[in-house]
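*Asks:* Sequence:
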Amino acid sequence: MALPPQILAIDLGTSGMKAALVAADGTVTGWAERAVPLRVLPGGGAEQDPVAWWDALAEVVADLGRGFPDHLRAVTTICSSTQGEGTIAVDAGGEPLTQCISWLDMRGAGHLRRQFGGFPSYSGMSVWKIARWLRLTGGMPSVTGKDPAAHMLLVRDQMPAVYARTKTFLNVLDWINLKLTGRTVATVDSILTSWVTDNRVATDIKYSPALVAASGIDADKFPPIVKCTEVIGNLSPHAADHLGLPSSVRVVAGAVDNTAAAIGAGTVRDNEPHLYLGTSSWICAHVPAKKTDVTSGIASIPCALPDRYLMTALQATAGANLTWLRDKIVEWDDPLLTAGHISRDEGTIFDAFDKIIPGVPAGSDGVLYMPWLYGERAPVDDPHLRAGFLNISLETTRSDLLRAVFEGVALNTRWMTKSVDKFLGSPMRSMVITGGAARSNSWCQIFADVLGIEIRRDADPIAVNARGAGWIGAVGAGLIDFADISGLARADHVFEPGPDHRLYSEIYETYTSLHKQLAPIYKRLNQGR
64 MALPPQILAI DLGTSGMKAA LVAADGTVTG WAERAVPLRV LPGGGAEQDP
114 VAWWDALAEV VADLGRGFPD HLRAVTTICS STQGEGTIAV DAGGEPLTQC
164 ISWLDMRGAG HLRRQFGGFP SYSGMSVWKI ARWLRLTGGM PSVTGKDPAA
214 HMLLVRDQMP AVYARTKTFL NVLDWINLKL TGRTVATVDS ILTSWVTDNR
264 VATDIKYSPA LVAASGIDAD KFPPIVKCTE VIGNLSPHAA DHLGLPSSVR
314 VVAGAVDNTA AAIGAGTVRD NEPHLYLGTS SWICAHVPAK KTDVTSGIAS
364 IPCALPDRYL MTALQATAGA NLTWLRDKIV EWDDPLLTAG HISRDEGTIF
414 DAFDKIIPGV PAGSDGVLYM PWLYGERAPV DDPHLRAGFL NISLETTRSD
464 LLRAVFEGVA LNTRWMTKSV DKFLGSPMRS MVITGGAARS NSWCQIFADV
514 LGIEIRRDAD PIAVNARGAG WIGAVGAGLI DFADISGLAR ADHVFEPGPD
564 HRLYSEIYET YTSLHKQLAP IYKRLNQGR
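Residues 64 to 592 in the working numbering are what the sequence shown lists, from first letter to last.
Please keep in mind that the hints were generated in silico from the structure rather than gathered at the bench.
Virtual Cβ for every residue (Gly too), placed ideally from N, Cα, C.
Please note that a few of the clues may not be correct.
Stated by the list, open to error - The calculated label-pair distances, taken between Cβ atoms and stated as ranges, are: (1) G307 to L104: 17 to 23 angstroms; (2) Q580 to T266: 44 to 50 angstroms; (3) D414 to A227: 48 to 54 angstroms; (4) V357 to N334: 19 to 25 angstroms; (5) A227 to S493: 50 to 56 angstroms; (6) G181 to N334: 33 to 39 angstroms.
To be verified - Below are the DMTMM-like pairs computed for lysine to aspartate or glutamate, each with C-alpha atoms no more than 25 angstroms apart in a straight line: (7) K230 to D112; (8) K242 to D304; (9) K230 to D333; (10) K192 to D444; (11) K579 to D370; (12) K230 to E335; (13) K485 to D333; (14) K418 to E559; (15) K579 to D428; (16) K290 to D370; (17) K353 to E293; (18) K485 to E458; (19) K418 to D428; (20) K353 to D444; (21) K586 to D445; (22) K485 to D428; (23) K242 to D118; (24) K230 to D220; (25) K290 to E569; (26) K485 to E569; (27) K353 to D267.
Take the sequences, apply the hints, and build the full model.
*Replies:* In structure tokens form, the structure reads like this:
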């Protein structure tokens with residue numbers, strides 16, 4: 064029996080390159096990955112090598128070919144999901160002139176303030192310019208400098224020779240698509256955080272001449288904009304040779320990770336939320352109208368659904384807290400590290416942690432943890448915040464600290480849900496949880512207890528971005544419609560809030576006071592860092 068058409072779904076995250084083979088019904092066959100290092104630099108820098116991504120892609124496709132040759136031969140379409148808010152300066156030949164300036168990179172913050180300052184100002188940015196951004200785009204550049212608006216200015220001001228040679232500035236997704244097809248485009252969601260588009264009509268996302276002129280970046284350095292479902296071409300001869308695939312394979316534009324996850328989680332109906340738990344975390348829901356809550360930094364933005372927006376509330380670090388714990392705190396010979404190899408089918412660090420967490424009572428013996436390892440985005444946009452444990456005593460154990468980390472991320476999410484509920488117009492009663500960190504049964508239950516709502520776990524949470532890319536590719540290829548996806552999504556477990564919810568509500572009252580009390584201290588400690 065012939066296999067149904069397969070989509071080669073590329074999932075490029077901060078941790079590395081992953082790929083899977085996805086059918087139109089959402090069946091994920093095969094999984095391969097390669098780590099790609101992140102370089103953290105002095106002064107708030109964070110970079111990755113785009114050439115390493117491209118090399119890693121060839122390796123993971125070769126792995127899929129060895130493991131699932133029939134499925135790889137059935138590939139008719141490629142579609143990507145990638146990390147967002149990265150920036151690569153590309154020359155006229157399509158070669159990168161810089162490393163990818165990551166979504167974690169804050170070096171452009173000062174350049175942003177100089178470009179967009181004025182009186183009166185908010186966080187160093189002209190309130191008149193902010194008002195225009197909000198009206199046209201629905202958001203504004205992060206004052207942390209963690210998006211392309213600031214990254215491009217960093218290149219312009221600190222690397223003038225590179226800027227002069229730059230043909231186009233591309234986000235991560237756009238660069239992968241350039242390598243696949245030879246065509247330079249941006250998608251409606253990948254271009255968002257350049258903050259130069261008019262997003263007032265969901266079906267007609269376009270550049271705003273006024274915002275482009277004010278950006279400080281030459282207009283011809285911005286790529287053309289396409290829909291996420293557009294077929295942007297076939298594999299170029301070079302890409303076909305690099306990946307070992309026929310040049311007849313078509314490439315659908317795809318989406319950045321939060322857009323793809325909203326599709327992969329199956330949450331395509333209006334106001335239906337999902338919580339993604341990865342290196343960072345977010346709550347998203349598709350909504351019918353453009354809207355912005357300036358007080359919490361939550362907005363509805365262009366997305367893969369052609370007539371909808373995606374409400375996005377982003378937290379800077381979630382699973383990164385566990386990675387930090389594993390890599391920087393656990394000793395080199397600790398038994399936990401034997402479970403630390405992250406793969407889709409083998410034991411993971413979450414299996415090890417799940418053996419410990421249930422043995423620690425809720426509340427972690429009074430220890431609180433603030434998960435702000437690299438600043439925060441929502442419900443406050445504050446680059447100076449840092450993580451910390453509070454209320455450690457002589458009786459505190461390592462297991463207490465571990466559970467406190469899990470609880471801290473969940474408490475931070477509850478802090479954000481107050482603004483999300485307001486944005487959506489009614490309290491959330493149920494939410495899909497997905498992303499690699501959702502594999503932890505203990506964490507899912509803690510989220511249910513802290514949030515006080517039903518948590519429905521994606522049956523294959525680590526594959527959500529790849530599945531989302533697969534479904535976007537399937538829609539672009541005409542194999543399914545977006546409306547079909549709700550009936551194709553699957554959950555493997557429902558976590559109901561238990562008796563610990565009352566205790567967590569008391570702890571939450573203390574937690575929410577910490578930012579107000581500690582923010583001035585963090586600002587004093589981390590000003591200029």
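*Asks:* Can you confirm whether the C-alpha distance between K290 and D370 stays at or below 25 angstroms?
*Replies:* holds, 11 angstroms
*Asks:* Is K485 within 25 angstroms of D428, Cα to Cα?
*Replies:* violated, 32 angstroms
*Asks:* Under the criterion that the straight-line Cα-Cα distance not exceed 25 angstroms, is the pair K485, E458 satisfied?
*Replies:* Roughly 40 angstroms between the alpha carbons, so the hint for K485 and E458 is violated.
*Asks:* Does the Cβ pair G307, L104 satisfy 17 to 23 angstroms?
*Replies:* violated, 35 angstroms
*Asks:* Is K586 close enough to D445, meaning Cα to Cα at most 25 angstroms?
*Replies:* holds, 9 angstroms
*Asks:* Starting from K485, check that the Cα of E569 is at most 25 angstroms away, please.
*Replies:* OK: K485 and E569 at ~21 angstroms, within 25 angstroms.
*Asks:* K230 and E335: Cα distance at most 25 angstroms?
*Replies:* violated, 40 angstroms
*Asks:* Need the status of pair K230, D220: alpha-carbon distance at most 25 angstroms?
*Replies:* holds, 16 angstroms
*Asks:* Would the hint linking K230 and D112 be met if the CA-CA limit is 25 angstroms?
*Replies:* Judged against 25 angstroms, a Cα distance of about 19 angstroms means the pair holds.
*Asks:* Take the C-alpha atoms of K242 and D118, compute the straight-line distance between them, and say whether it is at most 25 angstroms.
*Replies:* holds, 11 angstroms
*Asks:* Given the proposed pairing of K192 with D444, does the C-alpha separation stay at or below 25 angstroms?
*Replies:* Between K192 and D444 the Cα gap is close to 18 angstroms, so the pair holds against 25 angstroms.
*Asks:* CA of K353 to CA of D444, is that 25 angstroms or under?
*Replies:* holds, 20 angstroms
The earlier numbered hints that this structure contradicts are 1, 9, 11, 12, 18, 22, 25.
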